[in-house]
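Asker: Full structure from sequences and hints, please.
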Amino acid sequence: MIAIDHIHKAFGATQVLKGVSLEVAAGEVVCLIGPSGSGKSTVLRCINGLESYDSGAITIHGQTVDVRRSDIHALRTRVGMVFQRFNLFPHRTVLENVMEGPVFVKGESRAEARQHAQALLEKVGLAEKQAAYPTQLSGGQQQRVAIARALAMRPEAILFDEPTSALDPELVGDVLTVMRDLAAEGMTMVVVTHEMSFAKEVADRVCFLYGGQIVEEGPASRVLSEPQNARTQDFLRRVLDH
Amino acid sequence: MAYADIAAFFPILLKGAVVTVQITLGALLLSTLLGLLLALMKRSPLTPVSALAGTFINVIRGLPIIVQLFYIYFVIPELGIDLSAFQASIIGLGIAYSAYQAENFRAGIEAIDSGQIEAAKSIGMKSALIMRRVVLPQAIRIALPPYGNTAVMILKDSSLASTITVAEMTRAGQLIAASTFQNTTVYTMVALMYLALSLPLIFGVNRLERFFAKSRQGADQ
Ligand SMILES: Nc1ncnc2c1ncn2[C@@H]1O[C@H](COP(=O)(O)OP(=O)(O)O)[C@@H](O)[C@H]1O
Ligand SMILES: [Mg+2]
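Protein sequence lines correspond, in order, to chains A and B. Counting in this note's numbering, the first sequence runs from 38 upward without gaps. Counting in this note's numbering, the second sequence runs from 10 upward without gaps.
Wrong hints could be hidden among the right ones.
[What the hints assert, rightly or not] No more than 25 Å apart at the CA atoms, straight line, and that leaves these computed lysine-lysine pairs for DSS-like: (1) A:Lys143 x A:Lys160; (2) B:Lys135 x A:Lys143; (3) B:Lys165 x A:Lys143; (4) A:Lys160 x A:Lys237; (5) B:Lys165 x B:Lys24; (6) B:Lys24 x B:Lys130.
Honestly, the hints are just simulated from the structure, not real lab data.
Answerer: Set out below in structure tokens:
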């Protein structure tokens with residue numbers, strides 16, 4: 038459903054993506070791994086048009102992702118995003134955060150949106166926190182609210198950009214559990230992560246990004262256990278040492 | 010200080026106070042609208058638009074308010090536009106303070122971190138909706154205390170309208186003092202009446218600041 042075809046992207050004189058191609062089928066979970074600065078976030082941000090790309094093409098179910106086109110807003114409702122730093126709306130309660138998109142973007146009735154939002158908060162284990170404000174929650178709880186907010190749009194796919202990197206270690210598990218459940222339900226997911234055990238267990242495919250290119254890709258078990266590329270081997274050795 | 014004098018002066022000063030309040034409210038409204046416009050223009054991705062706003066803000070901030078008042082009262086009519094002194098004082102103060110308001114609003118808008126705006130985009134919100142639902146509600150909280158301070162400053166600077174013959178409170182005082190030589194009584198009364206208007210505003214701003222400081226810690230509502 039997501040097709041990335043040879044995209045290039047430069048920030049000023051710096052080439053950040055140098056011909057990245059990636060196909061994600063419906064229901065598939067793809068993990069993007071790679072060292073910091075290799076372009077992982079930029080790839081994700083290009084997929085939902087938070088960033089433009091210079092050449093190549095990205096399509097969602099055949100529809101081109103183009104920041105300058107007016108259908109970009111509608112397209113974004115179909116591809117959710119979860120950020121490293123949660124980015125909840127601090128002036129709204131947990132429930133309001135989740136209802137915001139359905140009510141104000143999709144025009145759902147409040148009653149309908151509330152019911153769905155409550156069900157989603159239940160699902161991420163935060164039903165009793167719906168009246169709280171984001172600053173009253175732990176990072177792990179905030180991230181689960183952010184996942185519920187993305188799910189509230191009933192997206193066809195969700196992009197995760199290092200969803201557990203800003204969390205204290207003891208809070209990582211709850212967020213990964215929610216993501217694991219989503220994957221099991223068949224949600225299409227592209228996940229940038231350093232959690233190799235999660236990738237090994239959940240990902241259908243792992244792509245290793247280095248210097249703006251995917252230098253190795255394949256089934257999670259193969260890429261993570263028997264990496265062929267020297268860069269991948271080196272990267273995995275460092276990550277697993279920690 | 011004879012009570013009879015006070016009783017005689019008070020109604021005249023009160024009339025002046027009404028004009029003072031009218032000028033303050035008029036200038037506050039105008040500076041708010043212009044200030045919002047300037048703040049949005051300054052954030053425009055179109056360089057000529059933001060440059061125009063920036064230049065305007067700098068020019069206005071670099072000019073004494075009294076000179077701006079003189080300019081509007083004495084120069085604009087020469088272009089064939091009729092302005093009463095009262096109208097000129099509202100326009101002059103409104104424009105003068107729009108520059109400060111623009112900076113207040115801009116600071117409020119820019120305090121919203123870009124991650125929230127990206128999150129709003131990622132659920133399909135368009136920029137006008139993001140402004141209305143995400144940026145402005147938070148920016149207003151941040152800009153409200155400085156906004157209150159600006160209101161206090163406009164109230165005090167409305168006395169400058171006396172220089173272009175507007176019969177607001179300061180001018181009313183001057184006129185009484187000139188004809189009765191009761192300087193102490195008159196200016197003490199004028200000072201007290203300004204305080205009666207400004208102190209409640211100042212206390213209100215202080216309360217707002219404390220309230221928002223608390224609510225930003227998360228003890229919201
Ligand atoms: N908005 C930006 N402006 C300039 N350079 C950027 C911007 N965003 C990312 N970069 C650069 O692009 C490269 C890739 O960044 P990113 O995609 O965030 O990498 P990763 O997520 O893999 O750490 C980095 O060198 C980074 O400094
Ligand atoms: Mg990144």
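Asker: Compare the structure with each hint and give your call.
Answerer: Each hint, compared with the structure:
1. A:Lys143 x A:Lys160: With a Cα-Cα distance of about 22 Å, the restraint between Lys143 of chain A and Lys160 of chain A holds, given a limit of 25 Å.
2. B:Lys135 x A:Lys143: holds (12 Å)
3. B:Lys165 x A:Lys143: violated (48 Å)
4. A:Lys160 x A:Lys237: holds (24 Å)
5. B:Lys165 x B:Lys24: Distance of about 17 Å is within 25 Å: holds.
6. B:Lys24 x B:Lys130: violated (53 Å)
Checked against the numbered hints given earlier, the structure breaks hints 3, 6 and satisfies all the rest.
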